[in-house]
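Asker: Single-letter residue listing:
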Amino acid sequence: MKKINKVKIKINGRKRSINSEISLKSLLSTNKISLKKVAVEVNEKIINKKMINKIKIKNGDKIEIVHFIGGG
Amino acid sequence: MHDYLNISNKKFKSRLIVGTGKYKSFKECSEAIKASGAQIVTVAVRRVNIFDKKKPLLMDYIDPKKITYLPNTAGCFTSSEALRTLRLAREIGGWKLVKLEVLGDKKTLFPDMIETLKSTEVLTKEGFKVMVYCSDDPLMAKRLENAGAVAIMPLAAPIGSGLGILNKVNIKIIRSRTKLPLIIDAGLGQASDASIAMELGCDGVLINTAIAMARNPIQMAEAMKFAVQAGRKSFLSGRIKKTIYGKASSPKKGLI
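Protein chains in written order, with the numbering used here: chain Y, 1 to 72; chain Z, 1 to 256.
Calculated directly from the structure, the hints in this document are not laboratory data. Any given hint could be a false lead.
Listed below are the simulated SDA-like cross-link pairs for lysine to any residue, each with C-alpha atoms no more than 20 Å apart in a straight line [unchecked claim]:
#, chain 1, residue 1, chain 2, residue 2
1, Z, K129, Z, K142
2, Y, K32, Z, R84
3, Y, K15, Z, F51
4, Y, K25, Z, R90
5, Y, K36, Z, K65
6, Z, K55, Y, L35
7, Y, K6, Y, N43
8, Z, K142, Z, P181
9, Z, K96, Z, K118
10, Z, K96, Y, N48
11, Y, K49, Z, P64
12, Z, K54, Y, N43
13, Y, K49, Z, I50
14, Y, K37, Z, K118
15, Y, K45, Z, R84
16, Z, K55, Y, L28
17, Y, K37, Z, V169
18, Z, K11, Z, L97
19, Y, K37, Z, D60
20, Y, K37, Z, K11
21, Y, K10, Y, E44
22, Y, K15, Y, E41
23, Z, K22, Z, G93
24, Y, K49, Z, I67
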């Protein structure tokens, strides 16, 4: 059986351990986050949503997922 | 002919912009927006709560296809924070019309105008249409206009203070020196404050706390709608000259 490596990342400031094979797109879909309502940053670089499928998560990545909330 | 508010070649019937913070619930917020008649609402950019997916979302209550979302950098204290926030906002939904707010002091929440001016220049170059929260300084307002701002948004008083317009003279001077939309942002406390802003010749007002924290936010939202309409009509109609002596309203002829 193929051994799946785990990588350690930070999502919205909290530590997570995930499969290394995963793309950013599948990370969002497994967390049930609708791409239409968010923007994503990886290591402080804003990701073009059209490219989200091509981005693989790497060890140590810092991911920020933001959306609109009530504000003045 | 309707008297539209024109911002960056986009026309709005309502001259009242409403903030979406501080409400008890999204339901109350959406009802207040409806009562206010606002077509533009400010929104903040924050982290998604990925650990509690049951939490309701703003977009479920306020449809961005019907109401223009104006992403705001509230809570940013440096130019780099504000730029990062608005670049993210653009990626969420392609918004180019944004509200820039760079604060300089935690106690007064006054804007840091040096950082604000710097950010306006950068954002304009990047293709953003920037509505800028600023101090009520006529010279700074002119600088923002020269830097490419699409609307000047001076404070009436500190954010959330409810003090009303503290320096009417400055607002009048700013008005006389700019053709850009002039929108009073922050510090209004009651409906009459909104009327005064409009009577000074402002193109609109932005209100959050005075509605959201009122005892009856939905009724206050409606009061603000009427106050803005009344103030605008009063301004367009032209006020009478002030005199220190009385002038009788009834003719003397035919007095018995």
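Asker: Take the hints in turn and mark each one as holding or not.
Answerer: To see whether the hints hold, each was checked on the structure:
Annotation: proposed proximity of Z:K129 to Z:K142 holds, straight-line Cα distance about 16 Å (limit 20 Å). This hinted pair does not check out: Y:K32 and Z:R84 have alpha carbons roughly 25 Å apart, beyond 20 Å. Note on Y:K15 and Z:F51: the hinted pairing holds, with a Cα-Cα distance of about 12 Å set against a maximum of 20 Å. The straight-line distance between the Cα atoms of Y:K25 and Z:R90 is roughly 19 Å, inside the 20 Å bound, and the hint therefore holds.
Distance restraint check for Y:K36 and Z:K65: the Cα-Cα separation of roughly 13 Å lies within the 20 Å cut-off, and the hinted pair is therefore satisfied. At roughly 17 Å between alpha-carbon atoms, Z:K55 and Y:L35 fall within 20 Å of each other, so this suggested pair holds. Between Y:K6 and Y:N43 the CA atoms are separated by roughly 19 Å; this keeps the pair inside 20 Å, and the hint holds. A hinted pair counts as satisfied when its Cα atoms are at most 20 Å apart, and Z:K142 with Z:P181 qualifies at roughly 12 Å.
Annotation: proposed proximity of Z:K96 to Z:K118 holds, straight-line Cα distance about 18 Å (limit 20 Å). Annotation: proposed proximity of Z:K96 to Y:N48 holds, straight-line Cα distance about 16 Å (limit 20 Å). A threshold of 20 Å between alpha carbons decides the hint, and for Y:K49 with Z:P64 the separation of about 19 Å falls inside it, so the pair holds. Distance check on the hinted pair: Z:K54 and Y:N43 sit about 27 Å apart at the alpha-carbon level, beyond 20 Å; violated.
In summary, the hint linking Y:K49 to Z:I50 is supported, as the alpha carbons are separated by about 18 Å, within the 20 Å threshold. Our distance criterion of 20 Å between C-alpha atoms is broken by Y:K37 and Z:K118, whose separation comes to about 29 Å. Simply put, Y:K45 and Z:R84 have alpha-carbon atoms about 9 Å apart, close enough for the 20 Å limit, and the pair holds. As the CA atoms of Z:K55 and Y:L28 are separated by approximately 17 Å, the hinted pair is consistent with the 20 Å bound.
A distance of roughly 43 Å separates the Cα atoms of Y:K37 and Z:V169; the hinted pair therefore is violated under the 20 Å criterion. For the proposed pair Z:K11 and Z:L97, the alpha carbon gap of about 13 Å is at most 20 Å, so the pair holds. Distance hint between Y:K37 and Z:D60 is fulfilled; the C-alpha atoms sit about 10 Å from each other, no more than 20 Å. Simply put, Y:K37 and Z:K11 have alpha-carbon atoms about 25 Å apart, too far for the 20 Å limit, and the pair is violated.
Restraint check for Y:K10 and Y:E44: the C-alpha separation of about 12 Å stays at or below 20 Å, so the hint holds. Proposed proximity of Y:K15 and Y:E41 is supported: the alpha carbons are some 16 Å apart, at most 20 Å. Pair hint Z:K22 plus Z:G93 does not hold up; C-alpha atoms about 23 Å apart against a cutoff of 20 Å. Only pairs whose Cα atoms come within 20 Å are accepted, and Y:K49 paired with Z:I67 is rejected, the gap being roughly 23 Å.
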